[in-house]
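Chains A and B, in that order, give the protein sequences.
With UniProt numbering, you'll find the first sequence wraps up at 506, consecutive numbering, no jumps.
With UniProt numbering, you'll find the second sequence wraps up at 362, consecutive numbering, no jumps.
Be careful, since some hints might not be right.
To be verified - Far from chain A by the CB rule (all over 12 Å, computed), these chain B residues:
no. : residue
1   : P100
2   : A164
3   : I211
4   : Y220
5   : H227
6   : I244
To be verified - As a list, the in silico DSBU-like pairs of lysine-lysine whose alpha-carbon atoms are at most 35 Å apart:
no. : chain 1 : residue 1 : chain 2 : residue 2
7   : A       : K183      : A       : K65
8   : B       : K131      : A       : K197
9   : A       : K112      : A       : K197
10  : A       : K185      : A       : K65
11  : A       : K267      : A       : K215
12  : B       : K233      : A       : K272
13  : A       : K197      : A       : K183
14  : B       : K233      : A       : K185
15  : A       : K215      : A       : K443
16  : A       : K118      : B       : K233
17  : A       : K197      : B       : K233
18  : A       : K197      : A       : K185
19  : B       : K131      : A       : K215
20  : A       : K185      : B       : K131
21  : A       : K272      : A       : K65
22  : A       : K197      : A       : K443
23  : A       : K112      : A       : K256
24  : A       : K215      : A       : K197
25  : B       : K131      : A       : K443
26  : B       : K131      : A       : K365
27  : A       : K272      : A       : K443
28  : A       : K185      : A       : K215
29  : A       : K267      : A       : K256
30  : A       : K118      : A       : K215
31  : B       : K131      : B       : K233
32  : A       : K112      : A       : K185
33  : A       : K272      : A       : K256
Read the hints as simulated data drawn from the structure, not as lab findings.
Note that this is a predicted model, so its numbers are computed, not measured.
We treat Cβ as the ideally placed atom computed from N, Cα and C, and that holds for glycine.
Spelled out, the chains give:
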Amino acid sequence: MTTLSINHLRKTFPGVVANDDVNLHIAAGETHAILGENGAGKSTLIKMISGLYRPDSGEMLLNDKVVTFSSPREAIRAGIGVVHQHFMLIPALSVAENVVLGSEPGGFHFPKRLASQKVRELSLRAGLPLDPTTRVADLSVGMQQRVEIVKALYRQARILILDEPTAVLTPQETEDLFVVLRKLKEEGIPIVFISHKLDEVRAIADTVTVMRAGKTLHTQPIASASANELATMMVGREVSLNARTSASHPGDVTLKIRDLSVLDDRKLQAIKGVSFELRAGEILGVAGVDGNGQTELVEAIVGMRSAVSGSIHFAGQDITRDSVSTRIALGISYVPQDRQHDGLVLPFTLTENLMLRDLLPPYAKRGWLTPRSAESQSRELLARFDVRPPVPDATAQSLSGGNQQKVILAREVSRAPRLLIAVQPTRGLDVGAIESIHHELEKLRDQGSAILLVSLELDEILALSDRICVLHAGSIVVTLPGEGASRDTIGLAMTGTDPNAKEVLR
Amino acid sequence: MKNKLQQMTVPLYAVLTGLILGAIIMLISGYNPLSAYGSLVVGAFGSASAIGNTLTSAVPLILVGLGIAVAFRAGLFNIGAEGQYWMGAIVAVWIGYHFPTLTPILHITLALLGAMLAGALWGGVIPGLTKSLVGAHEVITTMMLSYIAIFFVHYLLEQGPMMAPGFVPQSRPIAATAALPNLFPATGIFSNATLSSGFLIALAAAAVTHIVLFRTTFGYRLRTVGHNPAAAKYAGMSVTRFTILSLGLSGLLAGLAGGVQMLGVDQQLNDSVSSGFGYTGIVVSLLARNNPYAVILAGIFFAALSVGSQTMQINSGVSANMTDVITGIIVFFVAADRLYQYGFSRIRSRVRAKSLERTEQG
């Protein structure tokens, strides 16, 4: 039976204390959740446990013996198995090859069949059936995660650490993962489960430790902790979960879409004759299962994808053929789904990122950058949007995910846009950051902006939208008022059934 | 600030490693590295004429290096600067011997403008268009165009339209009005020394490049496209347009290098067309980490290596090719910068472990 104890662990980076006085005790056979906001120091802690970082001070005890790891290899050898948030798999290799990589059976010759057989046996024994011959690139995200777990077990992990394992999973895959984790627990493998999602922690963990600002605050059995209590501890103040917003006061039509059709990258019709209107001072939520045309719809509105037919009118003006920059100048802001892929230039400074779609005063004037006024503007925005650290010269890649998102929001909201398109604006963020971003969106709406909110999170749509339309297979199935919309109705519409039409049939 | 210092450490360590490994090789082959390096430094900087030679040889390296750095900043690899250099050289020489009645300033300006235009067309417009229209990769097209340019020079000079009367495959010399003046006065210690005024052009080009890259919205966009094309698209920038423009700017600087070298040093085209500047320029921009001001230093450094190597061979017997070995080692270590990071973190953690042990024992 394995136990892991961590006493007074501390890790600093130049200018930042990432972990300070971290204490943790993982008992044999328990599932222990570590709950904390983005940037609370969870990942730093994991990297120390897995040998990627060396602690400045403090000690780690594995089965009551002091251990120090100077490389991940040593940690693996000691029995620490880590499933990272971003998988460490080689897509071009097969499942079996990925699992055995680094500790292959055989000598110089690589016995492919033996490896496959070993991996198949192991995966069945662990209750994680896998086909060892499939290429990892062909697997779904959930299955790839399964490969990571089997990989850890193959290296005889005696303790399993999962860093935000559900961030990339669908609800169904999350359920499957929980089944697996419960089975592993029965076999006596202690599991450390890192998350910022309260409900998941409550569903899977026995014990929960809350981290905030690099410190472990509190450890208690999950049964005796209420959701609100944990949220408050995590954020350090009272948070309102799912607070319904004040009533909206819609004004003139800002965005008018008529019979819009758009092709996807494979030249298939992804949006099929969609029409809707969006008024100033209104939040229109677009619900739907991922891949039902959301990306194509949004890209058509911002100008990154051309429409094959139909029209887009913005404030009475036909913008169907206008370029991205013309639309930016007209006052269309866009918070893209993937902040690191296209929302930010990671090696750039925060100031440079704030001017990305905005090369105008105070950032630039007649083709020249104006560094001094840009910096003061940047300082102001970083403070206003509570970006941490509020250092204009810091690079975007040095920020945590939540703070990166705040930088994008600061850029897109600061110009008081007439239309803001926000796609998954709170994906992967913690409660505190979600709350502040929702608050910003509402404030913007109350100032008279029109907001198109595209999200896969039904709770987010329900919490914010004045009206909700449901997208399925490139068409709008139904449009409902946000007030009083039920999850069931929307859920039904997401499968392509119009709830109103059903009543007519009866 | 700290960031900038860190950026400088790897190149400095690479140079140091190159020199140390070079010294070890010299020791093994029975030479005294101290006297070899000593004579190398004397050869490069020991007299007014040595300094003049070094700085003059640095000019094309700096200009080509700047061009390659611009392309790298835009996420593009201009491997064909050699060809752009020669296109610039052809045009500069042609203008150089054709209009002897112009005033010098006008003549030089015209020749250099022509050289820049030729380089920009050769390096930018053609590869840029082929990349954006049919997706041909710029590494391939710039390299192929480089060969075309080199053989075009052969054609022009070997019984071709630019061959001077006689049997030697070379062009007519440029007119006196097109020659770049010597910066050194013809008196005292400078009497035998020359420094091409091209050096001032190189310094100015570095400053202009720096301003364009870091002080204008054009440079900002160019760097955005280089770091993250998806973000550039999201911000409404045309990736195609910036591919053409940045390759064009890159070729323009390489063409300018050819023009300056012809007007300042060679004064005519001749058939020995392998300057090597296009390739050394890559090394220069790598060592300078694509920073325009650092390109000046890197250019002077490599020029000093090559100018000083002759003196080194004469005085200490070490083959002048030794400097090529050193250059190779430096490139290797600049490219393998992660090796240093890895090495340092290893050493640091070992030192820490040792001191920990000591405190535990004590």
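So, going through the hints one by one against the coordinates:
Under the 12 Å C-beta cut-off, the non-interface status given to P100(B) relative to chain A holds; the minimum distance is some 39 Å. The non-interface label for A164(B) is consistent with chain A: the shortest C-beta to C-beta separation is roughly 45 Å, beyond 12 Å. Chain A draws I211(B) into its interface by the beta-carbon criterion, the shortest separation being 9 Å against a cut-off of 12 Å. Y220(B), annotated as away from the interface, has a beta carbon of chain A within 12 Å; the closest lies near 6 Å.
Non-interface status of H227(B) relative to chain A is broken: a Cβ of that chain comes within 12 Å, the nearest being about 5 Å off. Distance to chain A confirms I244(B) as a non-interface residue, since its nearest Cβ pair spans about 17 Å, more than 12 Å. Taking the CA atoms of K183(A) and K65(A), the gap is near 27 Å; set against the 35 Å cutoff, the hint holds. With a C-alpha separation of about 46 Å, the suggested pair K131(B) and K197(A) falls outside the 35 Å cut-off, and the hint is violated.
Using a Cα cut-off of 35 Å, the hinted pair K112(A) and K197(A) is violated, with the two alpha carbons roughly 40 Å apart. Simply put, K185(A) and K65(A) have alpha-carbon atoms about 23 Å apart, close enough for the 35 Å limit, and the pair holds. Pair hint K267(A) plus K215(A) does not hold up; C-alpha atoms about 51 Å apart against a cutoff of 35 Å. A C-alpha spacing of about 25 Å is found between K233(B) and K272(A), which places the hinted pair at or below 35 Å, so the restraint holds.
A C-alpha spacing of about 21 Å is found between K197(A) and K183(A), which places the hinted pair at or below 35 Å, so the restraint holds. With a C-alpha separation of about 47 Å, the suggested pair K233(B) and K185(A) falls outside the 35 Å cut-off, and the hint is violated. Under the criterion of a C-alpha separation no larger than 35 Å, the hint pairing K215(A) with K443(A) is consistent with the structure, at around 33 Å. A C-alpha spacing of about 47 Å is found between K118(A) and K233(B), which places the hinted pair above 35 Å, so the restraint is violated.
At most 35 Å may separate the alpha-carbon atoms for a hinted pair to count; K197(A) and K233(B) meet this at roughly 33 Å. With a C-alpha separation of about 20 Å, the suggested pairing of K197(A) with K185(A) holds against the 35 Å cut-off. Restraint check: the Cα-Cα separation between K131(B) and K215(A) comes to about 52 Å, which exceeds 35 Å; the hinted pair is violated. Proximity of K185(A) to K131(B) is assessed by CA-CA distance (about 55 Å); at most 35 Å being required, the pair is judged violated.
Straight-line distance between C-alpha atoms of K272(A) and K65(A) comes to about 64 Å, which puts the hinted pair past the 35 Å bound. The straight-line distance between the Cα atoms of K197(A) and K443(A) is roughly 25 Å, inside the 35 Å bound, and the hint therefore holds. At most 35 Å may separate the alpha-carbon atoms for a hinted pair to count; K112(A) and K256(A) exceed this at roughly 59 Å. This hinted pair checks out: K215(A) and K197(A) have alpha carbons roughly 18 Å apart, not beyond 35 Å.
Annotation: proposed proximity of K131(B) to K443(A) is violated, straight-line Cα distance about 45 Å (limit 35 Å). For a cut-off of 35 Å, the pair hint linking K131(B) to K365(A) stands: about 31 Å separates their Cα positions. Distance check on the hinted pair: K272(A) and K443(A) sit about 33 Å apart at the alpha-carbon level, within 35 Å; holds. At most 35 Å may separate the alpha-carbon atoms for a hinted pair to count; K185(A) and K215(A) meet this at roughly 27 Å.
The straight-line distance between the Cα atoms of K267(A) and K256(A) is roughly 25 Å, inside the 35 Å bound, and the hint therefore holds. This hinted pair does not check out: K118(A) and K215(A) have alpha carbons roughly 41 Å apart, beyond 35 Å. Simply put, K131(B) and K233(B) have alpha-carbon atoms about 17 Å apart, close enough for the 35 Å limit, and the pair holds. At most 35 Å may separate the alpha-carbon atoms for a hinted pair to count; K112(A) and K185(A) meet this at roughly 31 Å.
In summary, the hint linking K272(A) to K256(A) is supported, as the alpha carbons are separated by about 16 Å, within the 35 Å threshold.
Hint compliance for this structure: hints 3, 4, 5, 8, 9, 11, 14, 16, 19, 20, 21, 23, 25 and 30 are broken, all remaining hints hold.
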